[in-house]
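Colleague: What follows is each chain in one-letter form.
2 protein chains.
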Amino acid sequence: MADQASMSSLSLEAAQRGQKAAVMTAPDPDDPLAAKYGDAGLVASQAVSGRVWTRVEDLNASFSDKEVLLRGRVHTVRGKGKSAFIVLRQRTATLQVCLFANDTTVSKGMVKYASQITRESIVDVEGVITLPSKPVEGCSQSDVELQCRGIRVISRAAVLPFEVTDAARSEADVQAAAEKGEVLVTVGQDTRLNNRFLDLRTPANQAIFKLQSAVCQLFKDYLLSQGFQEIHSPKLIAGASEGGASVFKLDYMGTPACLAQSPQLYKQMAITADCERVFEVGPVFRAENSNTHRHLCEFMGLDFEMAINEHYCEVMEVVEGVFEHIFTGLATRHSRELAVVGQQFPFSMPEFKRLRLTFAEGIKMLQEGGYPD
Amino acid sequence: MADQASMSSLSLEAAQRGQKAAVMTAPDPDDPLAAKYGDAGLVASQAVSGRVWTRVEDLNASFSDKEVLLRGRVHTVRGKGKSAFIVLRQRTATLQVCLFANDTTVSKGMVKYASQITRESIVDVEGVITLPSKPVEGCSQSDVELQCRGIRVISRAAVLPFEVTDAARSEADVQAAAEKGEVLVTVGQDTRLNNRFLDLRTPANQAIFKLQSAVCQLFKDYLLSQGFQEIHSPKLIAGASEGGASVFKLDYMGTPACLAQSPQLYKQMAITADCERVFEVGPVFRAENSNTHRHLCEFMGLDFEMAINEHYCEVMEVVEGVFEHIFTGLATRHSRELAVVGQQFPFSMPEFKRLRLTFAEGIKMLQEGGYPD
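In order, the protein sequence lines correspond to chains A and B.
If you count the first sequence from 1, position 126 lands on 127 in the numbering used here, and the numbers rise without skipping.
If you count the second sequence from 1, position 1 lands on 2 in the numbering used here, and the numbers rise without skipping.
Careful: at least some of the hints might be erroneous.
[Said to hold, decoys possible] In silico DSS-like links for lysine-lysine, alpha-carbon gap of 30 Å or less: (1) B/Lys37 x B/Lys181; (2) A/Lys113 x A/Lys135; (3) A/Lys268 x A/Lys250; (4) A/Lys113 x A/Lys37; (5) A/Lys109 x A/Lys83; (6) B/Lys109 x B/Lys83; (7) B/Lys211 x B/Lys250; (8) B/Lys211 x A/Lys268; (9) B/Lys250 x B/Lys181; (10) A/Lys268 x B/Lys268; (11) A/Lys211 x A/Lys250; (12) B/Lys268 x A/Lys211; (13) A/Lys250 x B/Lys354; (14) A/Lys211 x B/Lys113; (15) A/Lys268 x B/Lys250; (16) A/Lys37 x A/Lys109; (17) B/Lys67 x B/Lys113; (18) B/Lys67 x B/Lys37; (19) A/Lys250 x B/Lys268; (20) A/Lys135 x A/Lys37; (21) B/Lys354 x B/Lys211.
It is worth saying that the hints were derived from the structure and are not from the lab.
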């Protein structure tokens, strides 16, 4: 009974937010296609079926007429009488899933069931890939769509504090709608941060996290190719690594300890220990009570240290090389993620240029720029 | 004056430890080969000479009769009248450098200068690679040696708390010597840990750190190939991640905070946020006051989390795959480092086998092993 009460309270909320209150979770047993839809039981490692799921991002025109099985989130759902359209989302990729009631492959019950799936539910969808007559607007896989032949909810989403579609909207879209007199819902920063797991589902955030991972790999791969090795230095240390004030202090089994403000000492000791070239990707802790957009008390440091044979330009070459490798790597191997971020937050990639100025050239540039003294 | 005083006190210590007290840092100006040896000035980024240093580990018979320039540590040095032998060390690689006084390429002064270089000094050595009539014992590059034609100390080592050669000795070597009635110096654990930068210069420790870096890369590379992405979760958090007792607590700008005992919550949130497959390599903090060989209050966690489609065996496959990749990668790509560790600490690599037992099979094995209940 408690469950029912809570369900009806959820349904009320859902109704208030414009969603359908009634939820159909099982097919009508008289439906000849009853085996093709309905909520699945809890995934409980009962058997290995051998079924193979296709990735949404891999779908393109070459899949035409092929049968696929997909697992993804219901990004949006639209039911219209005898048809339903679901946008299925997998990380940064979206696909239109179509259901048109007919007598052979899609029943009216199936359309009704699909129409009532709550957004953000996880579903398994089976069907045939077809090529739409014109590109599907607003889907990343715009040159294909799926004719649904079976759909099961794997995990049904309850009412959410905000819609991922609303959180994924660009400023430009909101403004364009406003100019047409429409008001599009936006999601404030506080709401996003209080529900970070949901905010991270937006394609732009998915892409940002993928790019963050990529930057680390590009940094490491380049340095490894240049004879560096990775080290991990202690974060719990006996004294301040740098200035004395901005350090987090703690009790280490009765002894005072600090959190490392940088791996500096350990990197340098590694060089003295003949490691020659080392790098670390690890957290850095700084107890700076500066509440600006440019300060973080904890951040990931991408750090390297190397022995110099005769000139500091050897270090400059590595710095230039690592930045060039990162920028080129992002532009060539991760253009898709960059484009996804750009859809919500338009930007242009800076062009990487190696630049070395002598002191005299720097002075000259300053003077020419209007700073004669 | 203070410098001289401290130098003579160092020399005295050196003499007590059996090293030569006198130190020759500059050649006799009347030596016709005076330009070929003597201490170099401080490396101060004055000019880019364009000189190319060869790596000791790269040297082999194909370098015969070639001129090379090497920078490394003086591992051992032995002067005998008109000849001197230096073992030059670069991380895990060592090479014999020979000086025989003659009238054209090596002067008596040069031999004397070389004989007096303190162990662990950094030197630049130039010369011609030759093939010894029999393999050089105790050097990693045993099929080549260098006929020195020029030698300069780049950084002269002071008297050290222990010799790297003594720290690099295996138990077997010490025992074998003892059986012959010789006593070889060994270095205690405390002395090593109090001078960690020096202890890490032993070939075995160099190899261990290289292998540690390799394990991280193999872990990451495999998971990246399986669609995982790297995340970095916060280490400063508001509450305990796991059990309440064994957590380090600290003051975060007037608010109580904890150090993360695991990235568990954040990994799981990443999955809920549709990241699908994530991993983290990062520090883990546990305030367990257990002073055993099996406990560390801070360690690097190699951790991954993934969404399961239908069965936990999907996770087992990844676990098996990652271990197989690491073991195979070490055995194939890092056999040299494994061999170097084995010279000081003999071991055999475990063979990796994929093994899955059902509960029934496990019970059967226990019963057959003498545990019937």
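Colleague: Run every hint past the structure and note whether it holds.
Modeller: Structure-based check of each hint:
{"no.": "1", "hint": "B/Lys37 x B/Lys181", "in the structure": "42 Å, violated"}
{"no.": "2", "hint": "A/Lys113 x A/Lys135", "in the structure": "26 Å, holds"}
{"no.": "3", "hint": "A/Lys268 x A/Lys250", "in the structure": "22 Å, holds"}
{"no.": "4", "hint": "A/Lys113 x A/Lys37", "in the structure": "13 Å, holds"}
{"no.": "5", "hint": "A/Lys109 x A/Lys83", "in the structure": "6 Å, holds"}
{"no.": "6", "hint": "B/Lys109 x B/Lys83", "in the structure": "6 Å, holds"}
{"no.": "7", "hint": "B/Lys211 x B/Lys250", "in the structure": "33 Å, violated"}
{"no.": "8", "hint": "B/Lys211 x A/Lys268", "in the structure": "15 Å, holds"}
{"no.": "9", "hint": "B/Lys250 x B/Lys181", "in the structure": "56 Å, violated"}
{"no.": "10", "hint": "A/Lys268 x B/Lys268", "in the structure": "29 Å, holds"}
{"no.": "11", "hint": "A/Lys211 x A/Lys250", "in the structure": "34 Å, violated"}
{"no.": "12", "hint": "B/Lys268 x A/Lys211", "in the structure": "15 Å, holds"}
{"no.": "13", "hint": "A/Lys250 x B/Lys354", "in the structure": "46 Å, violated"}
{"no.": "14", "hint": "A/Lys211 x B/Lys113", "in the structure": "60 Å, violated"}
{"no.": "15", "hint": "A/Lys268 x B/Lys250", "in the structure": "27 Å, holds"}
{"no.": "16", "hint": "A/Lys37 x A/Lys109", "in the structure": "12 Å, holds"}
{"no.": "17", "hint": "B/Lys67 x B/Lys113", "in the structure": "25 Å, holds"}
{"no.": "18", "hint": "B/Lys67 x B/Lys37", "in the structure": "18 Å, holds"}
{"no.": "19", "hint": "A/Lys250 x B/Lys268", "in the structure": "27 Å, holds"}
{"no.": "20", "hint": "A/Lys135 x A/Lys37", "in the structure": "29 Å, holds"}
{"no.": "21", "hint": "B/Lys354 x B/Lys211", "in the structure": "24 Å, holds"}
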